[in-house]
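Asker: Taking the hints into account, I'd like the entire structure generated from these sequences.
Quick mapping for you: the protein sequence lines, in order, are chains A and B.
Counting in this note's numbering, the first sequence runs from 1 upward without gaps.
Counting in this note's numbering, the second sequence runs from 1 upward without gaps.
Source of the hints: derived by calculation from the structure; they are not laboratory data.
Check before you lean on any hint, since a few could be wrong.
[What the hints assert, rightly or not] SDA-like mimics (lysine to any residue), calculated; alpha carbons at most 25 angstroms apart, straight line:
#1 B:Lys85 x B:Gly241
#2 B:Lys95 x B:Asp136
#3 B:Lys454 x A:Arg196
#4 A:Lys486 x A:Lys524
#5 A:Lys524 x B:Arg84
#6 A:Lys379 x B:Lys85
#7 B:Lys37 x B:Gly234
#8 A:Lys486 x B:Ala507
#9 A:Lys424 x B:Tyr107
#10 A:Lys368 x A:Glu178
#11 A:Lys424 x B:Arg120
#12 A:Lys524 x B:Lys85
#13 A:Lys379 x B:Ala322
#14 B:Lys454 x B:Val316
#15 B:Lys454 x A:Asp202
#16 B:Lys257 x B:Ala507
#17 B:Lys454 x B:Leu515
#18 A:Lys424 x B:Arg333
#19 A:Lys424 x B:Gly234
#20 A:Lys379 x A:Lys524
#21 A:Lys424 x B:Arg105
#22 A:Lys368 x B:Val559
[Said to hold, decoys possible] What follows is a set of in silico ranges between Cβ atoms, one per label pair, in the way DEER data are often shown:
#23 A:Ala250 x B:Ala322: 34 to 42 angstroms
#24 A:Arg199 x B:Ala54: 23 to 31 angstroms
#25 A:Asp521 x B:Gly366: 40 to 48 angstroms
#26 B:Glu307 x A:Pro351: 55 to 63 angstroms
#27 B:Lys368 x A:His313: 49 to 57 angstroms
#28 B:Asp288 x A:Ala158: 40 to 48 angstroms
#29 A:Lys87 x B:Asp528: 53 to 61 angstroms
#30 A:Gly116 x B:Gly647: 22 to 30 angstroms
#31 B:Phe324 x A:Arg170: 23 to 31 angstroms
#32 A:Ala158 x B:Gly366: 51 to 59 angstroms
#33 B:Asp528 x A:Arg199: 55 to 63 angstroms
#34 B:Arg188 x A:Glu451: 37 to 45 angstroms
#35 A:Pro351 x B:Arg155: 48 to 56 angstroms
For each residue, glycine too, the CB sits at the ideal point set by N, CA and C.
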Amino acid sequence: MSRSGLGPVRLGIVWQRLNGLMDEVAQAFVRTSFSTVIRENWDLACALLDPRGRQVVQSSRSVPSFIGTMSRTLEAMLAAYPAETLKPGDVLITNDPWVSSGHLNDITMAKPIYRGDRPLGFVASTFHSVDIGGAPSPGARDTYEEGLWIPVRRIVRAGEENEDIVAVIRQNLRQPRETLGDIRAQFAAYDVAERRLMRILDEEGVDDFDAVVEEILERSEQSLRRAIARAPDGEYAGEIVADGVDHPLAIRARVRIAGSDIDIDFTGTSPQVARPINSVVNYTFSWCAFAIKCLFDPDVPNNEGSFRPIRIHVPEGSLLNPRPPAPVWARHLSGHYVPPVIFRALAPILPERAMAESASPIWTVYFKGAQAGGEPFVKMYFMSGGLGARSSLDGPDCRSFPSNISNSPVEVFENAVPVMIHEKTLIDDSGGPGRTRGGLGQRIEFESLSEGPIVMTIRHERVKNPPQGLLGGLAGSRGVNRLNGKDIPAMTQMALGKGDRLAFETPGGGGIGPPAERPRDLVKRDMELGYVSPEAARTVYGWGDAGD
Amino acid sequence: MAGAMPATEYVIGVDVGGTFTDFVGCKLGHGAIFNGKVLTTPDDPSEAVLSGLARMLSAHGIDPAAVRYVIHGTTLVANALIERKGVKTALITSKGFRDVLEIGREYRYDTYDLFIDMPRPLVPRNLRFEVDERMDREGRVVRPLDLHAAERLARELAASDVRAVAVAFLHAYRSAVHEREMQDILARFAPRLTVSLSSEVVPQIGEYERSSTTVANAYVKPIFETYVGRLSEGLRRLGIGRDLYLVLSDGGTVDRKTAAAHPVRLVHSGPAGGAQAAALYGRLGGADRVLAFDMGGTTAKACLIEEGRPNRTTEVEIARLARFKPGSGIPLRVPIVNMIEIGAGGGSIARVNSLGLVQVGPDSSGAKPGPACYALGGVEPTVTDADLVLGYLDAGSFLGGEMALDVAAARRALHDRVAAPLGLSVEEAALGVFQTVNEGMAQAAAIHALEQGKRIVDFALVAIGGAGPVHAWALARALGIGRLISPLGAGVASAFGFLAAPTAFEATRTRLTPLAAVEASGTRSLVDELAGHGLALLERSGESRAPARIDVFAAMRYVGQGYEVETPLPRELVESGDQDGLARRFEAAYRLLFGRTEVGFPVEIVSWRVIVSGPVPAIVPAIPEGLALVGKPAGKGVRAVYFAEAGGFVDTPVFNRYALEPGFSAEGPLVVEERESTLVVPPQSRLSIDASRNAIVAL
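Answerer: Written as structure tokens, this is what we have:
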């Protein structure tokens, strides 16, 4: 009999219901939220944790960068407010990048749940607030410049909002209404969680919830361990060179597989920099867990059990484990290199799971200005490049990776911001050549229509170092940033005048295997559809050499 | 109306499905008089429709001249898109945007799967053309259409083997001027081509989804026109003088010409009929809020019905690479019944997953080899195998006894793949499969309701499909639903639903208005305008104006939120424009949903929706002639059926559905068998048969 005493069938039902519960909590939050980043990008995660702060269940539609961070956040919360000092109706809050998920924009809250007077666990959520005050910019030198830093505090005390904390938030934000609206939307979602959780436990006759938790974690851990154990033991190294801001940065990983354990050591990675691209260790860990899950066990649930086989070591002061108060606003510019460097390290032993480098970190451009009527706006536009080739498949064109964010329709964006978009097309020959080819990047051109200035901010990677191929495949094309036809730096904040034209070319994904081995019918198709030019077909793929 | 009207008139519903073409015939003002099936003829579906019709008419001695109308639903459009059997199609876009159709929305439909592939666009890159033109966001011309380039392109297309063209320019939802100019040029220089304009097919913001829908429309239009032309001609040959009506994806009924202009709107024509049928059964069973639950061989579908109308949406996806993953298919923006589909059917395969737990679906054993108990070579256990082992199904009465089920094979499959690996008995494993699949469906239905802002416990459950009535009781209990309705003859529900739907037209208008700015004259004129539009269409469709019903809804929210709560408004509130009254209606709807209201937050109205519907057709379901047994014993004996709440197998009475007459009532547990399905009535519930021979279970 299993540890929980429920047996596999009942346990499965209870677990399924807990999963559904967290999805309902997320749905309740999204439907009552006040910001587009929540309802359109689902930049959030909701989780159920046990009294010890171990994550049991996470909402299924969560962004991957929140995998596993809530356990660590709750641990820090409980260090400040020991569990026995908490009362029913309390809600804790923090956005401390070092205990939460890596930048001030991510706010995490947790509420203890009781069954009678016995603590049952916590419902928690992390969400992205576009406005967090301060002046986040590519030039930020420390965290303080990047906005309001909220330590672990009680935002609700025994059901009463803590007006002191709320007032501080209200005072420090430019659009507090939106962020406070989202915060309160989560209070409502927590109520849903409490009610539904009690109902599930009552209906399923679960008395010993701890035992259920133990078994959920245990089974998740074993699932991932079995998958890891099938890979050969050994130590495998990968390295990627990132453009960086002032100088190139090395991302180095040594991945050691021993039985069913994986250790990832980032020693050798460049030190932290006084630019907002440092990835706190929680964020680094999330992307490690993401990479391991993708490679070994894509269906394993996101909970403490499935994190146990993974250990990471990152020297303090590293780009991937900076000391406070390092600037961290654009932490994805280093963190998004974590999955590809792990893929690169393990490609020789898992060639069938291999994926070449993609056009990540994701490209975004911020536009800040005022509408003709004087109303201010701040809008972000996401642009993806090509995905890396896979061992058996070409890389899809223009896909978000490793994050998973959809673009804004051109028509919707033009309605929100006084710009006109003149082009959004695939770039021929941008996919890294190989037996399987990398995905294509895209060219996008904006023109400012605004009488007043529009402040444009970009922070792009892969302009000097394009996504590399794997196992004999070649690199994709590098990214390009241009203003009125002239190249501009990839980390820029500048004012656009009316009629200025801003153009971007996102990178192409890397290829896998020697291009000469690409099936001829695919080379032919690529030429017919214009993905590959006749010249590149001849020079890179050897088209025409052997009676094609 | 000219000419002598025959004394009796008939209406006939025809549903062309993948395997069977179903027919239901009704005497106007009475119940169904026949139903039947013939095999679908995939190469030309009109063949089966016409030959089947001829057979039904002659078998029942019906004069073709007495047929008032034939209402038709078809999977032709969906199949052409799924199987990519449309015509060679080109796309013309604004300069700089020919790749929008391929780039799509840039997200991955599975975050953790490194091996996803994206769907191929219906129009390949070498058939996507750009012409110089541009509108701004207000629909003002920034650059006029380059007429020379447009003419050159039209001539080029005329000389090619392209048969259809989709035109999708930026901001065409605001101004159709350039698209119409392009259409004129195509008409002049390439008259042979069928043209679809995005401003006509789907005048909605969002260039990717609008282009995708317009392309899909162009792609299927020529084959659809050929098909309905052939059908119409065939009906005339049969002596049926009236024209053909077709069923749209939102359940609405339109004439042939309207349908042929935008065939993409028929993409879910068949399933819409099922929802309409469920609406009718709910209405007859006295439930105005219904969760329609259709569980077949490979999937389960669910949709919510309120006040006799299936809830609608405008977003759907077809031809998914991964069936249950949004984003893996071709997005379409068409009015459509809001339906979820999950991988849970009688054929869904059960296994032990890597967590050591029972997992059911989403893959299915299909028709071949099918469940292990079909004894057609299937070795994997399925939901049907579990249902058989638990006694819900009987080995000897499946499909009216035409197909014997192999209990030993079902037990063996469950033993080998589930029971033995988990150390369970075969019965425990079967129960595990049964409960797991039910829980998955319950969650999907609960989230579906929440997404639409509804509370599922307020609904009655109408079960259709072969496996629906077997699982409905357990699903209802999991959802906290107290009432289950199981109609008779649910096997041809779609075709029947076509006949049951009132002719209805919906008009919506986005008009963002703070509640504080609402005034009576504004709301009244807007609602009158929308209603007038619907009334005109209704009149044109041949329905008289007098009995039309008008329903008004306002989509409202707190200022700053992105989702609205649709609030039904009584006529007097629309007339008075009373702000407090509107606020109270909204808050009541909001509190019901989220358990709280936001004190002091201003409220706004985002959009209005007005539905104008004709009279509900006077059609009542009845057992087709020859099937009803009157005065015959209903009892078929007793068999052992498993109920967890009773602690295991219970000797359970079995009844013949066709012999249960109105007024019959009994306590569960019991089992009621009909040809296509079996209704399971659990302990602590009561079954009663109503006047329309619906089975009602109070749980």
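Asker: It remains to establish, for every hint, whether it holds in the given structure.
Answerer: How the hints compare with the structure:
1. B:Lys85 x B:Gly241: Distance of about 31 angstroms is beyond 25 angstroms: violated.
2. B:Lys95 x B:Asp136: With Cα atoms ~14 angstroms apart, Lys95 (chain B) and Asp136 (chain B) stay inside 25 angstroms; holds.
3. B:Lys454 x A:Arg196: Holds. Lys454 (chain B) to Arg196 (chain A) sits at ~16 angstroms (cutoff 25 angstroms).
4. A:Lys486 x A:Lys524: violated (34 angstroms)
5. A:Lys524 x B:Arg84: The hint holds at about 22 angstroms.
6. A:Lys379 x B:Lys85: Roughly 42 angstroms between the alpha carbons, so the hint for Lys379 (chain A) and Lys85 (chain B) is violated.
7. B:Lys37 x B:Gly234: holds (19 angstroms)
8. A:Lys486 x B:Ala507: violated (50 angstroms)
9. A:Lys424 x B:Tyr107: Since the Cα atoms of Lys424 (chain A) and Tyr107 (chain B) sit roughly 16 angstroms apart, the hinted pair holds (cutoff 25 angstroms).
10. A:Lys368 x A:Glu178: holds (17 angstroms)
11. A:Lys424 x B:Arg120: holds (18 angstroms)
12. A:Lys524 x B:Lys85: holds (24 angstroms)
13. A:Lys379 x B:Ala322: Violated. Lys379 (chain A) to Ala322 (chain B) sits at ~33 angstroms, over the 25 angstroms cutoff.
14. B:Lys454 x B:Val316: holds (20 angstroms)
15. B:Lys454 x A:Asp202: holds (24 angstroms)
16. B:Lys257 x B:Ala507: Holds: Lys257 (chain B) and Ala507 (chain B) sit about 20 angstroms apart, inside 25 angstroms.
17. B:Lys454 x B:Leu515: Distance of about 23 angstroms is within 25 angstroms: holds.
18. A:Lys424 x B:Arg333: holds (22 angstroms)
19. A:Lys424 x B:Gly234: violated (48 angstroms)
20. A:Lys379 x A:Lys524: violated (41 angstroms)
21. A:Lys424 x B:Arg105: With Cα atoms ~12 angstroms apart, Lys424 (chain A) and Arg105 (chain B) stay inside 25 angstroms; holds.
22. A:Lys368 x B:Val559: holds (22 angstroms)
23. A:Ala250 x B:Ala322: 34 to 42 angstroms: holds (37 angstroms)
24. A:Arg199 x B:Ala54: 23 to 31 angstroms: Because 57 angstroms falls outside the window, the suggested range is violated.
25. A:Asp521 x B:Gly366: 40 to 48 angstroms: Violated: the Cβ-Cβ distance is about 31 angstroms, outside 40 to 48 angstroms.
26. B:Glu307 x A:Pro351: 55 to 63 angstroms: holds (59 angstroms)
27. B:Lys368 x A:His313: 49 to 57 angstroms: holds (54 angstroms)
28. B:Asp288 x A:Ala158: 40 to 48 angstroms: At 42 angstroms between Cβs, range holds.
29. A:Lys87 x B:Asp528: 53 to 61 angstroms: holds (56 angstroms)
30. A:Gly116 x B:Gly647: 22 to 30 angstroms: Taking Cβ atoms as reference, Gly116 (chain A) and Gly647 (chain B) lie about 29 angstroms apart, which means the hint holds.
31. B:Phe324 x A:Arg170: 23 to 31 angstroms: violated (43 angstroms)
32. A:Ala158 x B:Gly366: 51 to 59 angstroms: With Cβ atoms ~57 angstroms apart, the hint holds.
33. B:Asp528 x A:Arg199: 55 to 63 angstroms: violated (46 angstroms)
34. B:Arg188 x A:Glu451: 37 to 45 angstroms: Since Arg188 (chain B) and Glu451 (chain A) have Cβ atoms about 41 angstroms apart, the given range 37 to 45 angstroms holds.
35. A:Pro351 x B:Arg155: 48 to 56 angstroms: holds (51 angstroms)
Going through the hint list in order, the structure does not satisfy hints 1, 4, 6, 8, 13, 19, 20, 24, 25, 31, 33.
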